[in-house]
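For the protein sequence lines, the chains are A and B, in the order given. Per UniProt numbering, the very first residue in the first sequence carries number 1; after that it's consecutive. Per UniProt numbering, the very first residue in the second sequence carries number 1; after that it's consecutive.
FYI, nobody ran anything at the bench for these hints, they're computed from the structure. Some hints here could point you the wrong way.
Since the list can't tell identical chains apart, any single copy or any two copies may satisfy a pair.
In silico lysine-lysine, BS3-like type, Cα no more than 27 angstroms apart, as pairs [as the list claims (entries may be wrong)]: (1) K312 with K45; (2) K85 with K45; (3) K85 with K121; (4) K121 with K45; (5) K121 with K307.
2 protein chains.
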Amino acid sequence: MGIDEIILLEHGSGGKASQRLLEKVFLPYFREVPLLDAATLSLGKQNLAFTTDSFVVDPIFFPGGDIGSLAVHGTVNDLSMVGAKPVYLSAAFILEEGLPMEDLKRVVESMALAAEKAGVKIVCGDTKVVPRGKGDKVFINTCGLGLIPEGLTLSPQNITPGDKVLVSGPIADHGLTILASRENLGLEGLKSDSQALNHVVEALISRFSTQIKAMRDPTRGGLASVLHEFSEAAKVGIFLEEESIPIRPQVKAGCEILGLDPLYLACEGRFVVVCPGDIVSDVRDFLKQFPESEEAEIIGEVVAEPKGVFLKTVFGGTRPVPPLSGEPLPRIC
Amino acid sequence: MGIDEIILLEHGSGGKASQRLLEKVFLPYFREVPLLDAATLSLGKQNLAFTTDSFVVDPIFFPGGDIGSLAVHGTVNDLSMVGAKPVYLSAAFILEEGLPMEDLKRVVESMALAAEKAGVKIVCGDTKVVPRGKGDKVFINTCGLGLIPEGLTLSPQNITPGDKVLVSGPIADHGLTILASRENLGLEGLKSDSQALNHVVEALISRFSTQIKAMRDPTRGGLASVLHEFSEAAKVGIFLEEESIPIRPQVKAGCEILGLDPLYLACEGRFVVVCPGDIVSDVRDFLKQFPESEEAEIIGEVVAEPKGVFLKTVFGGTRPVPPLSGEPLPRIC
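With the sequences and hints as input, model every part of the structure.
If you want it as structure tokens, here you go:
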């Protein structure tokens, strides 16, 4: 059976198959569900952001984090990316029968610590248990609620030719770390970038306000997928400078060994920013003051034509960066 | 290994083991998580209710509903039980590789219909896919946001001797239907009571306001577990009249055959109300006007002593109704 008849792993990739599932199955019924990571709503007297994310990462413990801290960071960051200040989280657990209690405690403790560091409160929860072989250790859903400052208009549709693109730090750390950890690949020096971005994002917006045109965290589908989303929303072209894109040497080497393109690998603590060209150096210098984004770089520019995403390689050529298809790395979040 | 070293199915029962898990593992870290089904919060200028629930029901389709409609009803009802008007829902799916797309479409369509009937909007979503044998067809998490009317003070701690207890309709339909459906028991005439209660609850509160002391939907752990929670919170005794408790004949017969006590079986469209004795007939007559609660009955009374939950049997005796321990029916929601 084909991709339209049965659920395949690639339906969870964040790439073309995910998009197709959304369009064919969910959007016809859930017309209010936005393509963004968080919905912006009004409830009574308050404008707020509301987001949901389930975490099924395998393994549940990995260098740089675990499923608990990841669940907090992922949801906090989804709120931050629409400009909201994260305030409250929910935490719902689906546990597999036989999970050692010590593992659960370690995950819960890690969630609590991550929430405290991010300055958010976990205010409601739920626990279900499924029989052995009907789940996988622990799955966590976190929903987030955040406050939206008045007058904020972040949207990829604001992007225009002449804008510049920044990334807040090295890409692909999280995706490659999870893969190497799951498959015991023996790659050295890898560590997830999983972290909460709300403090640096709040500072950025407070400083530059509506000059920031769009932000997004490159999780499933990686940097390439975020830039494709921006390119399609704004009907523009985005040209990346390969040599400007920050990638740790061990990540680059690991990707070369495995034949993976780091442009498609997930980060869980980085964000992409688009702003006008005349302030991009100020934005970069501002970001570099914060530990979360001290390795921020300007990585590309926005043009009117040709549309799409392109990479100017270190060898002087230019190649298109196609949209992600298939599932390169399942269960990285 | 014992109940404190490893996760067992009974940790998901809603009974003593669940309570122990909450106290030993979650509450030390998540101090803000209430024992109620929904948290009541203030966000900016608005008081609101926020709740999360994951649904892992097996089978995913059953007489009277499916995992999609159940996920909407369960979350809407959790908001209603704290007196909130449900407004927004999230919908997060964990799909098992190999799930037929038609099954997913049927679930999504059912969710959308249930949300429309309840008058709530599904505003954000997420989809993850896990490999075969690492999940079970589909799990759904729904979070809910609701508006809290000013001045409402629902709480089991309001309950005092002389109060009366009502239930909005026949108990145990959902729990027994799921069990019979999963195990192909061939019991006739069973149908889940899964339904949204927000419309009738809003009308009830609008009519009786703060005279309604406490409400709760008897889901996991059934009627007995809700009454134990009330008894402990208010430090009172609750005496039930066995002959007044509405139970359909086929449910009663099924429970007798299987040796199950309907007092511990889940409903997903019923609620328990506690109010002063002098208005209880008015409350019952008011509830009977609504299709969701047309079979409402007065089932018991609150006394100062002895504390605990007791059943006056049809034979004239009185027996204690102990708290639930163990897991009678896993995965009913």
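Within, between, both or neither: K121, K45 at alpha-carbon 27 angstroms:
Result: close both inside a copy and across copies, 21 angstroms intra and 18 angstroms inter.
Quick one: K85 to K45, C-alpha cut-off 27 angstroms, is that within a copy, between copies, both, or neither?
Classified as both: same-chain Cα gap 17 angstroms, cross-chain 14 angstroms, threshold 27 angstroms.
For K312 vs K45, is the C-alpha pair at or below 27 angstroms within one copy, between two copies, both, or neither?
neither (48 angstroms within a copy, 49 angstroms between copies)
Between K85 and K121, at a C-alpha cutoff of 27 angstroms, which is it: within one copy, between copies, both, or neither?
both (12 angstroms within a copy, 23 angstroms between copies)
From the Cα coordinates, with 27 angstroms as the cut-off, is the pair K121 and K307 best called within, between, both, or neither?
neither (42 angstroms within a copy, 35 angstroms between copies)
The structure does not agree with the numbered hints 1, 5 stated previously, though it agrees with the rest.
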